[in-house]
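> Position chain B against the provided structure of chain A, taking the given hints into account.
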Amino acid sequence: MELVTSVLAIAVFAGASLVYAAVGEIVTERAGVLNLGVEGMMIMGAVTAFAAAVASGNAMVGVVVGGVVGGIMALVHAFATITLRADQVVSGLALTLAGGGLASFLGQRLGPGGAPLVGMVGPRFHGVPIPWLSDLPVVGPALFDQDVLVYLLFLVVPAVWFFVARTRPGLALRAVGESPQTADAMGIGVYRVRYLATVFGGVLAGIAGAHLSLAYTPGWTEHLTGGRGWIAIALVIFATWDPRRAVLGALLFGGVNAIQFRLQAEGTTIPASLLNMMPYLLTIVVLVVITRFEALRHRLGAPAALGLAYDREERT
Amino acid sequence: MLELRGIVKRFPGVLANDGIDFELLPGEIHTLLGENGAGKSTLMKIVYGLYRPDAGEILVDGTRVDIHRPTDAIELGIGMVHQHFMLVDTLTVAENVAMGLRSSRRPLTDLDVVAERIVELGERFGLPVDPHAVIWQLSVGQRQRVEILKALYRDARLLILDEPTAVLTPQEADQLFDTLRTMTEDGRGIIFISHKLREVLALSDRITVLRHGKVVGEVDDPTAVTREDLARMMVGRDVKLAPDKAPARPGPARLRVRGLRVHGDRGTEAVSGIDLEVRGGEIVGIAGVSGNGQRELAEAIAGLRRPVAGEILVGEVDVAGSSPAEIHAAGVRYISEARMREGAIPGFTVAENLLLVDHGDPRFRRGVLFDDRAIEEHGRRLVAEYRVKTPGLDTPVEHLSGGNIQKLIVARELSARPDVLIAAQPTRGVDIGAAEYIHARLVEERDRGTAVLVISEDLDEILALADRIAVIYEGRIVDVVDRAEADREVLGLMMAGGHPGSGGETAAAAGGAAR
Numbered sequence: 001m002e003l004v005t006s007v008l009a010i011a012v013f014a015g016a017s018l019v020y021a022a023v024g025e026i027v028t029e030r031a032g033v034l035n036l037g038v039e040g041m042m043i044m045g046a047v048t049a050f051a052a053a054v055a056s057g058n059a060m061v062g063v064v065v066g067g068v069v070g071g072i073m074a075l076v077h078a079f080a081t082i083t084l085r086a087d088q089v090v091s092g093l094a095l096t097l098a099g100g101g102l103a104s105f106l107g108q109r110l111g112p113g114g115a116p117l118v119g120m121v122g123p124r125f126h127g128v129p130i131p132w133l134s135d136l137p138v139v140g141p142a143l144f145d146q147d148v149l150v151y152l153l154f155l156v157v158p159a160v161w162f163f164v165a166r167t168r169p170g171l172a173l174r175a176v177g178e179s180p181q182t183a184d185a186m187g188i189g190v191y192r193v194r195y196l197a198t199v200f201g202g203v204l205a206g207i208a209g210a211h212l213s214l215a216y217t218p219g220w221t222e223h224l225t226g227g228r229g230w231i232a233i234a235l236v237i238f239a240t241w242d243p244r245r246a247v248l249g250a251l252l253f254g255g256v257n258a259i260q261f262r263l264q265a266e267g268t269t270i271p272a273s274l275l276n277m278m279p280y281l282l283t284i285v286v287l288v289v290i291t292r293f294e295a296l297r298h299r300l301g302a303p304a305a306l307g308l309a310y311d312r313e314e315r316t
Numbered sequence: 001m002l003e004l005r006g007i008v009k010r011f012p013g014v015l016a017n018d019g020i021d022f023e024l025l026p027g028e029i030h031t032l033l034g035e036n037g038a039g040k041s042t043l044m045k046i047v048y049g050l051y052r053p054d055a056g057e058i059l060v061d062g063t064r065v066d067i068h069r070p071t072d073a074i075e076l077g078i079g080m081v082h083q084h085f086m087l088v089d090t091l092t093v094a095e096n097v098a099m100g101l102r103s104s105r106r107p108l109t110d111l112d113v114v115a116e117r118i119v120e121l122g123e124r125f126g127l128p129v130d131p132h133a134v135i136w137q138l139s140v141g142q143r144q145r146v147e148i149l150k151a152l153y154r155d156a157r158l159l160i161l162d163e164p165t166a167v168l169t170p171q172e173a174d175q176l177f178d179t180l181r182t183m184t185e186d187g188r189g190i191i192f193i194s195h196k197l198r199e200v201l202a203l204s205d206r207i208t209v210l211r212h213g214k215v216v217g218e219v220d221d222p223t224a225v226t227r228e229d230l231a232r233m234m235v236g237r238d239v240k241l242a243p244d245k246a247p248a249r250p251g252p253a254r255l256r257v258r259g260l261r262v263h264g265d266r267g268t269e270a271v272s273g274i275d276l277e278v279r280g281g282e283i284v285g286i287a288g289v290s291g292n293g294q295r296e297l298a299e300a301i302a303g304l305r306r307p308v309a310g311e312i313l314v315g316e317v318d319v320a321g322s323s324p325a326e327i328h329a330a331g332v333r334y335i336s337e338a339r340m341r342e343g344a345i346p347g348f349t350v351a352e353n354l355l356l357v358d359h360g361d362p363r364f365r366r367g368v369l370f371d372d373r374a375i376e377e378h379g380r381r382l383v384a385e386y387r388v389k390t391p392g393l394d395t396p397v398e399h400l401s402g403g404n405i406q407k408l409i410v411a412r413e414l415s416a417r418p419d420v421l422i423a424a425q426p427t428r429g430v431d432i433g434a435a436e437y438i439h440a441r442l443v444e445e446r447d448r449g450t451a452v453l454v455i456s457e458d459l460d461e462i463l464a465l466a467d468r469i470a471v472i473y474e475g476r477i478v479d480v481v482d483r484a485e486a487d488r489e490v491l492g493l494m495m496a497g498g499h500p501g502s503g504g505e506t507a508a509a510a511g512g513a514a515r
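Chains A and B, in that order, give the protein sequences. In terms of the working numbering, the numbers along the first sequence are unbroken and rise by one, the last being 316. In terms of the working numbering, the numbers along the second sequence are unbroken and rise by one, the last being 515.
No wet-lab data here; the hints were simulated from the structure. In this text the structure is predicted, and so the values were computed from the model without any measurement. Backbone N, C-alpha and C define an ideal beta-carbon position, used for all residues, glycine too. Where hints are given, some of them may not hold.
Claimed, not checked - Here are a few chain A residues that face chain B, going by a calculated C-beta distance under 8 angstroms:
#1 ARG168
#2 ALA175
#3 GLN181
#4 MET186
Unchecked claim - Beyond 10 angstroms from chain A on every Cβ pair, some chain B residues (computed):
#5 PHE22
#6 GLY100
#7 HIS399
Just chain B, same shape as in the assembly:
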């Protein structure tokens, strides 16, 4: 039903799509697999009319079409669920769905008619949602349903889903897959974009792999390949999906959090009484769906957010409410999830960014001036040691790739030889090669005796790294389990608020309804 021939798209300095051919049959789930920056999203934005291709043609049902804008795509029956939801937070579900459509009662809105149809579609495809709820009140999983309903409401025959499971619990993802299969039964076609290998193998009828804007492989029978095969195609070499790791030999507790309460951006409580302990020489992973208080927890420990109550003990010192400088001095280092906002200054050079935290260190000073030679030497050493790929020390970091910026941040924080390391989403948006390297360094840091706290929304990452796993839900730790005893299913239920041994499924459902 859709055919792409020789699609080319250039951005300043990048060839995002380099002559891509792609085909989708009715009733098929065809996955586009590739690393960040491989050109998947760009290609789909071209199909949806958000970008114009520089060359190539698009055929829908065998006829050549010109898609200049999203309206053209919608008229051709193409719907898209974007990675970053395209919803207006302050409007209701019905208003979001109705947006841009012709009303049956022009020029007035006909929101009750729209609402009825939303409920109808929701029942048919297993996407229940209250049409009168305002978007910001909904959980991410519910928001995604709204996105899909928006496309279905417009009679989409071809649905593009860009990284739809990034924000879902494993159970929610399974539900989504059921919905998608229901949709293919009446001949709809689905293009699924992902880099999560497990899901890709579970869901796809066919897989096309992209690397650096080119098609590097097609898999017609996903049952015949393994995750490792796919990773190799994506990266172009053998990849270790989980770091080699000896059993942890934990020492005494280095970070103890007691009764911590922290407010979020809206002034409501985001962390509601957390107790947590990280010992030297172990990695504790915080698993959970985005927005359950992880960011606030990390920021409170790092001193970027003042806790309302509770203690944060580093060794024997309570650092709750201290400034970031005091917390650095206590031996805590923080790798922020907001790489370009809190982790690095985009316009500063590599050397300057490596110096950001330690700019006051006497090692880099000569009287009141900077010691340029010491700074350069420091930068050169870290860039080499942490394999940061950069044209030079005086290159602004905004010109580096996400993976290299992250390596630079990791280099800066680890070079301080911290006692406690907080790593929030350490490999999000980072290419597999860099992720592999960062994982290895974190394990190395653990073996040096550091207490490492890893916060990640990617359950696979938590399972690969952590020695103990704490699951966070609505600002509370649901439970802490040893990695050896951790089970993906059970963790998934806990991520939705279900308590172990209390009939997880029903508790999860109740938790979902309460939001």
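Only chain A is shown next, with the shape it has when bound in the complex:
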């Protein structure tokens, strides 16, 4: 029982950044914009969040800065793909590559007085147990003994789901992703919706990065995100573009992470590098299984206009 409790607690903790990034990407893709720059936005969010937290002495300031930086990067993607109609895949990959390089560079300079951030200790989020609730068996420590950013997810996920499924603007968002021509003919501002959705996704990716550098593995090291942005993109497919299911996927990934830590702590003979691969392997396996057996039958649920630029006067 104690094992389950601790694994679950780590799973939630490890999965939080994935939920932020995946939910953001879900909103972006629902508008028909594929942003493969999540990894880049996340790592830029991580480094700038940590730097801002160190400079201001306040972790919350870091989160805000990380979110803004993620949003600005997404804005670049939006301008390139929506206004200039550049290829979404190319622009997204460019964002990831540029973000990784820029983050390494900034990590050398953004400390106080231009010092490197690597190895520096700064403000961070600590677990804030919620009285009484955190004493619940099994789920207590997992859900109610976490940091503020995890608690914020309890609001963000239901809110995004509700927005997409139940509100008029959410309806507009879905329409733009499914058939921009239709949305346009009905008087919905296709470009505006796509810009907003893309920037929203960027902000959440930036916050995801902030959770890594301010809570999960406090501090800055190179390659801090370790491919989590890509896993978040995989989760979007796993979740069939439903934020609720993204949580499930993130927990699964986080859970494998937790088990791997646990095994290492118990002193297993399996090499650590093999164990570190597990979450990534799992992602591939789950994706293959899901697309093969389930999603195909449900027509994958992908927004029909995903990845396509829209041009009103284009003649087809």
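Positioned in the frame of chain A, the structure of chain B alone reads:
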């Protein structure tokens, strides 16, 4: 209520609208008639704010207006039913109607209020539809009702319908016309776009004919003109609406399909047990509304889709499940309905496209290399023989018109002298001149002894070409009738699933409700 003065719209390389004047009165059904590419849709997209005109002015109720975007048009009371439905397949009817409107319960949706109003409007105008149904579950006819309801919901006083009957059975079209007349009774104006002459004559109060972006004729009294008159105005010369055809002299069966079952794109059954026979020297026409398994049937015969069960006998050989190459070798050729996707490669030249199927033929090879001279000679011969209008053999086909691309495909497939020819939608989107030519070639091919299977959603085309007509509905052949005994009304009922002699009308209604 609407007046257009001197509208000009240029696209790269094309003058789509060249100074068009047009007028619509309240309570009037005014038809815009013209061939594909004459500029009808472009003109209406300008009125609806989807395109910006390069010159000219638009007046609504006598005042000059600027229509920058669809919202402006909607506010002026203009509604449009697009040729390709503007509906989101994964949303419900109510959601589609509500899209882009202000909710009475902002920012939440008020879909139950919307649904009520949809039912109300549906009853008033004879457009029944379930507001909670998801679009992809609806038949095309029902989807069109949703499109019209969308406009009515926004209080459209002026409704533009772009080729609304292309996807309807004759009966559904008649129903639509009743609805449209109801709408004009309280002063609404309707602009009807079509190239189906029969309907245009039946419905219109006034007709304006466009050719190459210009107004070439106005008819104030449609009862005073014939279909041939209208066709002449559209094309600019006399046109034969149906090819000259001697009675068929069918030989032995060349294509026999038995118990064929084929799955569609979604993995559900699209062809549910079809038996069909085409003899050499006859044209069998498959009539039916789009999406009833025609495409899957054709693709199964052509080898592009593996059948789940059944036989496809070409002569005595079963080719079910064979590769397209094997099927070509068996003497079957296929003119695909997806001209630019399966029929030709847009970026390839005319000569290359003419070679697509036969690129392995020793005639065009010299060792391991292509024999450029033989290929050029082959291309030159076909282009001349089939009157493909092209600047040259090395022009990419994407620069040709739809009619000329189709002639090129017909040339390629017929030059192989097939035993069996499958022609799917052979003249869809093709200008009347090219259609006339292709029809004549198909009849010629029949007279050469080929077994010809023509699949078309255009009942007039089937009636003009076929010697026998098979009606397809939900993946089954309802009945096969001789052309001489075929009756448009009865065929229309069968296209909606009604069986002959079983009280067609009620069976059709039940078939519609079952979808």
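> Now look at each hint and say whether the structure bears it out.
Okay, the hints, checked on the actual structure:
1. At its closest, the beta carbon of ARG168(A) sits 5 angstroms from a beta carbon of chain B; the interface hint therefore holds under the 8 angstroms criterion.
2. Here the hint on ALA175(A) is kept, as its CB sits about 5 angstroms from the closest CB of chain B, short of 8 angstroms.
3. Interface restraint check for GLN181(A): the shortest CB-CB distance to chain B comes to about 6 angstroms, inside 8 angstroms, so the restraint holds.
4. About 4 angstroms separates the beta-carbon of MET186(A) from the nearest beta-carbon of chain B, less than 8 angstroms, and the hint is met.
5. For PHE22(B), the non-interface assignment is confirmed: its Cβ lies about 21 angstroms from the closest Cβ of chain A, beyond the 10 angstroms cut-off.
6. Annotated as non-interface, GLY100(B) brings its C-beta within 10 angstroms of a C-beta of chain A; the closest such distance is 4 angstroms.
7. A cut-off of 10 angstroms between C-beta atoms confirms that HIS399(B) is not in contact with chain A; the least separation is 14 angstroms.
In this structure, the one hint that does not hold is number 6.
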